[in-house]
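Visitor: Sequence:
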Amino acid sequence: MTAQARARSWRKHSPRDWLLGYFGHGSVELWAQEKILAVDDVAKLANREKLPIIFTVTCLSGLFQHPAKPSLGETLVRAKNGGAVAALVPSSAAVLTDQRVLARGLAAALGATAGMDGPETLATRCSRRSRASPTPPAAFGKCS
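Going letter by letter, the sequence shown gives residues 1 to 144 in the numbering used here.
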C-alpha cells in the first residue's frame, strides 16, 4: 500500500467516525508490515476538522520514551493538519490477554456492549448534538 493510498483511505472516514481502532501487529513507527499507517503518512493527513480518538491493540505504537524517534501515537496527536485528538496506544510490547481487558473496559465505558443495547454512547450523543446545532461541539466534553 502506497503512502498516497493510505492517506486516501484515512480521508474516507466520515465525520461521525470519532473512534478508530486498530487490532494487529505494530511497531513504534507503523501498523503492520504492510504499513497500514506509518509516521511518514501523518503529515499527509487532512482531517483536522474531524479528529478521532485512536485506540490500538498492538505493540509499541505509543513508545513515547524512544530516544531518537517519535512514536506513531505521538505523531498523530501532534500533527498540525490532521491525525487524532487523542491516542490510547501501548507504550511497550503488549500481551493480547492484557490488551483484551483494556479493550473490553473501553467498550463497556463507552456503552458499546456487544449484542446489547447499552446506554447512549459518546458518538451517538455528539452526532445527535451536531445535527441539532449548526456549530459542532468544540470538544467531546461539551457533548451533553
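These are calculated hints, taken from the structure and not from any lab test. Possibly wrong hints are sitting among the right ones.
[Claimed, not checked] With a straight-line cut-off of 25 angstroms between C-alpha atoms, the simulated DSS-like cross-links for lysine-lysine are:
id, residue 1, residue 2
1, 69, 35
2, 44, 69
3, 44, 80
Visitor: Decide, hint by hint, whether the structure agrees.
Guide: So, going through the hints one by one against the coordinates:
no. : hint    : verdict
1   : 69 x 35 : holds (17 angstroms)
2   : 44 x 69 : holds (18 angstroms)
3   : 44 x 80 : holds (10 angstroms)
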